[in-house]
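In the order they appear, the protein sequences are chains A and B.
For the first sequence, our numbering gives the first residue as 215, with consecutive numbering after it.
For the second sequence, our numbering gives the first residue as 589, with consecutive numbering after it.
For the record, the hints were derived by calculation from the structure and aren't laboratory data.
Just so you know, these numbers come straight off a predicted model, no measurement behind them.
There could be a bad hint or two in this list.
Which chain B residues stay away from chain A? Per the calculated CB distances, all over 12 Å, these [as the list claims (entries may be wrong)]:
#, residue
1, G676
2, R707
3, F727
4, N731
5, H770
6, R790
Simulated crosslink set (DSS-like; lysine-lysine; CA at most 30 Å straight-line) [what the hints assert, rightly or not]:
#, chain 1, residue 1, chain 2, residue 2
7, B, K723, B, K678
8, B, K734, B, K723
9, B, K678, B, K660
10, B, K626, A, K452
11, B, K678, B, K607
12, B, K723, B, K626
13, B, K607, A, K452
14, A, K452, B, K787
15, B, K787, B, K734
Glycine is no exception: its CB is placed at the ideal position from the N, C-alpha and C atoms.
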Amino acid sequence: MVEHLNWGLPVIGYLFLAGVGAGALTVSSSVLLRGGGGGFGGRHFKIARYGAFIAPFPIMIGAAMLILELGSFEAGNYLRFLNLFTTINLSPMSIGSWLLMGCLGASLLYAYTFWPDGAEPGDEMEKYRRGLAWVCVPLGISVAVYTGVLLGAMPARPFWNSPVLPMLFLLSAISTGIAVIMLTQTLLHKKSTTEEEHRTHHESGYILTATDLMLICFEVVGIFLFLMFAHLTVGDVKYAVSAILPGGDMASMFWFWVLLVGLVIPGALEMIYVFPRLINHREFAAPAYVEYVVPVAILAGGFMLRYIVVVVGQITGPVGI
Amino acid sequence: MVIETRRCSGCQACSVACKAEFDVPLGHTRSWVETIEKGNYPAVSVNFLPRLCNHCRHPACVDVCPTGATFKRSADGIVDIDPDVCIGCKYCLLACPYDARFINPLTGSADKCSFCLHRISQGVEPSCVNTCPGKARIFGDVNDPKSEISRVLATNPVSVLRPGMGTEPQVYYIAADNYDEHFRERGWHVNVATHRRQKERR
Chain A
215 MVEHLNWGLP VIGYLFLAGV GAGALTVSSS VLLRGGGGGF GGRHFKIARY
265 GAFIAPFPIM IGAAMLILEL GSFEAGNYLR FLNLFTTINL SPMSIGSWLL
315 MGCLGASLLY AYTFWPDGAE PGDEMEKYRR GLAWVCVPLG ISVAVYTGVL
365 LGAMPARPFW NSPVLPMLFL LSAISTGIAV IMLTQTLLHK KSTTEEEHRT
415 HHESGYILTA TDLMLICFEV VGIFLFLMFA HLTVGDVKYA VSAILPGGDM
465 ASMFWFWVLL VGLVIPGALE MIYVFPRLIN HREFAAPAYV EYVVPVAILA
515 GGFMLRYIVV VVGQITGPVG I
Chain B
589 MVIETRRCSG CQACSVACKA EFDVPLGHTR SWVETIEKGN YPAVSVNFLP
639 RLCNHCRHPA CVDVCPTGAT FKRSADGIVD IDPDVCIGCK YCLLACPYDA
689 RFINPLTGSA DKCSFCLHRI SQGVEPSCVN TCPGKARIFG DVNDPKSEIS
739 RVLATNPVSV LRPGMGTEPQ VYYIAADNYD EHFRERGWHV NVATHRRQKE
789 RR
């Protein structure tokens with residue numbers, strides 16, 4: 215389906231990976247500023263560290279995929295893409311390229327501050343780490359939002375031309391960022407030796423899961439608004455959105471992957487384990503399978519959201535001539 | 589440019605002339621003609637819609653170009669591309685409501701109709717205008733009230749394509765048919781076909 219499109223799998227992959235990277239960076243630096251280093255006594259330093267180490271990689275891989283798909287690269291002008299950085303204008307892609315470079319640079323520096331083996335809250339890197347975290351939060355959010363603005367800037371692509379889309383991409387980016395940190399924490403988790411360690415592990419898990427649950431709820435609202443406002447209008451946008459409404463070409467894919475796999479299943483699983491802690495103040499203890507299923511489902515849903523949005527935006531267009 | 593669709597017989601001479609003028613790579617077109625069939629037997633018709641870059645007053649392609657490779661010439665308003673600056677990101681291909689652009693596989697940059705810039709700068713009319721046997725195309729300076737195009741624009745009801753996109757195209761049509769497949773819901777047979785690689789209008 216994607217081979218005849220102008221923007222195919224590399225762009226879809228990039229939008230997803232940039233979201234994951236920007237999300238992981240935002241989550242890591244906000245945890246550090248609010249919970250890891252200071253506010254909560256440095257208990258969640260570990261998840262901030264995971265996020266910091268993960269963040270640069272998806273951004274780099276995604277950007278590399280984009281460059282490989284450029285027409286100039288395919289025609290053999292391998293360095294032509296540098297023209298992006300000889301100018302700056304109001305094109306979302308121009309602003310986005312600069313933001314992405316800033317974000318990549320900041321995330322690499324930020325990851326470096328966590329590099330020493332004994333990195334811990336309050337060591338000599340602390341002030342650089344916190345300073346960079348203050349830069350990384352806005353940069354991460356900007357990159358996540360710009361991916362939506364990039365698509366939304368074109369009246370000729372009615373499916374994308376919605377102000378809800380950048381918000382949806384931002385929520386999905388942070389949610390997938392949390393998912394990748396959650397997955398790393400679960401994969402690298404060794405049997406806790408002390409009671410304290412055990413509790414911190416679960417508390418970190420709780421912070422991530424509860425935040426993710428909130429994001430998933432907002433995402434459901436975002437998707438509802440996106441569909442409803444598109445469906446209630448007339449002409450171009452109504453025809454475009456009908457592709458993912460019941461009866462449309464990509465409807466089953468959208469409802470199964472994005473709604474069910476990406477939002478409902480992980481949301482419901484998270485709810486089961488978050489509510490007892492949130493409402494009854496019981497201890498948060500999610501079984502290991504949940505800690506695998508939830509992030510994998512969220513990542514799959516996040517990718518499919520980008521896939522469906524990018525494909526539908528290109529197979530639909532203005533009505534009439 | 590003004591295109592009088594009632595004088596177009598769908599002979600594709602403009603498409604061929606354009607291909608020959610620019611050596612446009614196989615499978616791509618700067619200028620093309622759409623065939624619009626509509627109606628239910630016995631009330632049927634076939635109309636032709638010659639297409640090219642609209643050289644819009646507010647070009648969507650220029651707004652999204654990240655490198656400034658696509659630009660609007662301030663002197664005559666022609667939208668042109670600098671193939672040495674273009675990185676081939678395809679953003680403009682998606683932003684153009686008229687699907688006028690393609691990636692030239694030889695240069696790797698975006699390509700489209702330039703109103704035959706090399707010809708009109710020498711005072712010769714564009715290749716498609718020159719070749720049209722039905723004299724369906726009129727090219728000239730709309731700011732010059734004495735020009736033929738100004739007279740035709742002033743004395744005929746004209747329309748532009750997809751005016752809702754806010755691009756203010758500078759290619760005007762006389763008697764263009766705005767029907768497409770979406771109007772099948774009214775019970776009419778409508779079929780729009782092009783001879784491009786992408787057979788359907790986008």
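Taking the hints in turn, this is what the structure says about them:
1. Not every CB of chain A lies more than 12 Å from the CB of G676/B, the least distance being 2 Å, so the non-interface label is violated.
2. The Cβ of R707/B sits about 26 Å from the closest Cβ of chain A, beyond the 12 Å cut-off, so the non-interface label holds.
3. The beta carbon of F727/B sits about 21 Å from the closest Cβ of chain A, which is more than 12 Å, so the claim that it is off the interface holds.
4. At roughly 26 Å, the least C-beta separation between N731/B and chain A is larger than 12 Å, which holds for a residue marked as non-interface.
5. With a closest Cβ-Cβ approach of about 5 Å to chain A, H770/B is found to fall inside the 12 Å limit, against its non-interface label.
6. For R790/B, the shortest C-beta to C-beta distance to chain A comes to about 5 Å, within the 12 Å cut-off, and the non-interface label is violated.
7. At most 30 Å may separate the alpha-carbon atoms for a hinted pair to count; K723/B and K678/B exceed this at roughly 34 Å.
8. The straight-line distance between the Cα atoms of K734/B and K723/B is roughly 20 Å, inside the 30 Å bound, and the hint therefore holds.
9. For the hint pairing K678/B with K660/B, the CA-to-CA distance comes to about 18 Å; that is within 30 Å, so the pair holds.
10. Among the hinted pairs, K626/B with K452/A is consistent with the structure: their alpha-carbon atoms are about 23 Å apart, no more than 30 Å.
11. With a CA separation close to 22 Å, the supplied pair K678/B and K607/B stays within the 30 Å bound.
12. For the proposed pair K723/B and K626/B, the alpha carbon gap of about 25 Å is at most 30 Å, so the pair holds.
13. Proposed proximity of K607/B and K452/A is contradicted: the alpha carbons are some 37 Å apart, above 30 Å.
14. Note on K452/A and K787/B: the hinted pairing holds, with a Cα-Cα distance of about 23 Å set against a maximum of 30 Å.
15. Our distance criterion of 30 Å between C-alpha atoms is broken by K787/B and K734/B, whose separation comes to about 40 Å.
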